[in-house]
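Novice: Now for the letters of each chain:
Number of protein chains: 2
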Amino acid sequence: MDKPEEEFDRVDELIQLSLKLFLERGYDNTPMSLISKEVGLTKAGIYHHFENKEHILYAVHKRSVERNLLPLIEKAEQISDPETRLRTYLYDLARQLTHEPTATVLLSEARRMSPEHFKEIRGVWRRSYGVIHDAIVELQKLGRCPKHLDPAFATFSALGSASWIVFWFDYSRPEGGEEVARTIVDIFMKGLLA
Amino acid sequence: MDKPEEEFDRVDELIQLSLKLFLERGYDNTPMSLISKEVGLTKAGIYHHFENKEHILYAVHKRSVERNLLPLIEKAEQISDPETRLRTYLYDLARQLTHEPTATVLLSEARRMSPEHFKEIRGVWRRSYGVIHDAIVELQKLGRCPKHLDPAFATFSALGSASWIVFWFDYSRPEGGEEVARTIVDIFMKGLLA
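These protein sequence lines map, in sequence, to chains A and B. Residues 42 to 235, numbered by this note's numbering, are exactly what the first sequence covers, in order. Residues 42 to 235, numbered by this note's numbering, are exactly what the second sequence covers, in order.
Hints listed in this document are in silico derivations from the structure and should not be mistaken for laboratory results. Among the hints, a few may not be true.
The list treats identical chains as interchangeable, and a pair is accepted whether it falls inside one copy or across any two copies.
[Unchecked claim] Cross-link-like lysine-lysine pairs, in silico, BS3-like; alpha carbons within 30 Å at most: (1) 188 x 78; (2) 94 x 61; (3) 103 x 116; (4) 84 x 61; (5) 231 x 116; (6) 231 x 94; (7) 160 x 116; (8) 84 x 231; (9) 231 x 103; (10) 103 x 84.
Whole structure, please, built from the sequences with the hints as guidance.
Specialist: Rendered as structure tokens:
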């Protein structure tokens, strides 16, 4: 990597501003000319970094999963006890979503990415799914979770209760975030292990 | 209502086709000219029924809550025991979402409605929220659910696990729907009443 640091900052600023515009206006309603104006770069300057608008959408998603999701996955994967691992991951995920409202639009615009880009991002989502799913299967094998529960459906149930946060949480009152995450984990873990 | 039945059918067809187009292309990417072409009506013919495209979006939402959500709410509101009411409503809601994949785009496009229209649709969503929330508060008063649980956060947790269905359920294999709904209700109710 021999790009100067300043250039990296500029690219990161472009990604952040694009995310903001995608959130406010939707991906389709955000022309390159507006991104160019907001970030204070000529269109040629932007095309120097990104082939086209889809590449910016991909960069926005990549930045989001690398900053918000991968660290939680890697932390969870270090924990050997499946109950602690599941409890920790679901809490961290819910807590993260009370900090980071951007996942909403990212999700609804994800399919605008090229198949290759979408596949890469979906790979991280699948790893997140795997953390929960594998912990449930381990708990079932250990006899700590009823075997009649379908592990896939249970996983989506947990992911849903956390992911839904972005649709209802009041981001102007972030102090509630901890209790939201605690409530979700509390109900799910008790329901799962009952 | 003195409109001939045929005209109602035509309007219903227009709403259904618009929903299909909004789902496939997004609301912004669906011009009136395309709706007009697909439904086989002139633009003037459409404007006879709907003032503008936003009115079609509103009609799509109205049809969706009237057909899919209100009947479940009304059924639940007849049940006096709060546990049975909650269990029934959450099951019906999840089951409904395994039948009806359209809620996804409806949700992400809801804010494109006028404030008055959005308020009306949101009123039905709030009533749905109320069914779950009020049952939880009743269960807490009866000592059948721990008082430390925040009823609002618990409600959103339940709604999230059900609503998330539209993002992952494989609608080409509808036979799994019953077990999905059962799993969600099973985990949530056990977690809540534990």
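Novice: Please sort residue 231 with residue 103 into within, between, both or neither, judging by C-alpha distance up to 30 Å.
Specialist: neither (34 Å within a copy, 37 Å between copies)
Novice: When no copy is specified for residue 231 and residue 116, does a C-alpha distance of 30 Å or less occur within a copy, between copies, both, or neither?
Specialist: both (23 Å within a copy, 28 Å between copies)
Novice: State whether the alpha carbon distance between residue 103 and residue 116 is at most 30 Å within one copy, between copies, both, or neither.
Specialist: Within one copy, since 19 Å is at most 30 Å while 44 Å is not.
Novice: For residue 188 vs residue 78, is the C-alpha pair at or below 30 Å within one copy, between two copies, both, or neither?
Specialist: For residue 188 and residue 78, the Cα distance exceeds 30 Å both inside one copy (57 Å) and across copies (53 Å).
Novice: Please work out whether the CA atoms of residue 84 and residue 231 approach to 30 Å or closer within one copy, between two copies, in both situations, or in neither?
Specialist: This pair counts as neither: shortest intra-copy Cα distance 54 Å, inter-copy 56 Å.
Novice: My question is about residue 94 and residue 61: at a cut-off of 30 Å on alpha-carbon distance, are they close within one copy, between copies, both, or neither?
Specialist: both (14 Å within a copy, 26 Å between copies)
Novice: If the cutoff is 30 Å on CA atoms, where do residue 231 and residue 94 land: within, between, both or neither? Let me know, please.
Specialist: neither (45 Å within a copy, 47 Å between copies)
Novice: As a check of your reading, is residue 160 near residue 116 (CA-CA no more than 30 Å) within one copy, between copies, both or neither?
Specialist: within (23 Å within a copy, 42 Å between copies)
Novice: When no copy is specified for residue 103 and residue 84, does a C-alpha distance of 30 Å or less occur within a copy, between copies, both, or neither?
Specialist: Answer is within; shortest intra-copy Cα gap is 22 Å, inter-copy 42 Å.
Novice: Quick one: residue 84 to residue 61, C-alpha cut-off 30 Å, is that within a copy, between copies, both, or neither?
Specialist: Within one copy, since 18 Å is at most 30 Å while 35 Å is not.
When each numbered hint is compared with the structure, violations occur for hints 1, 6, 8, 9.
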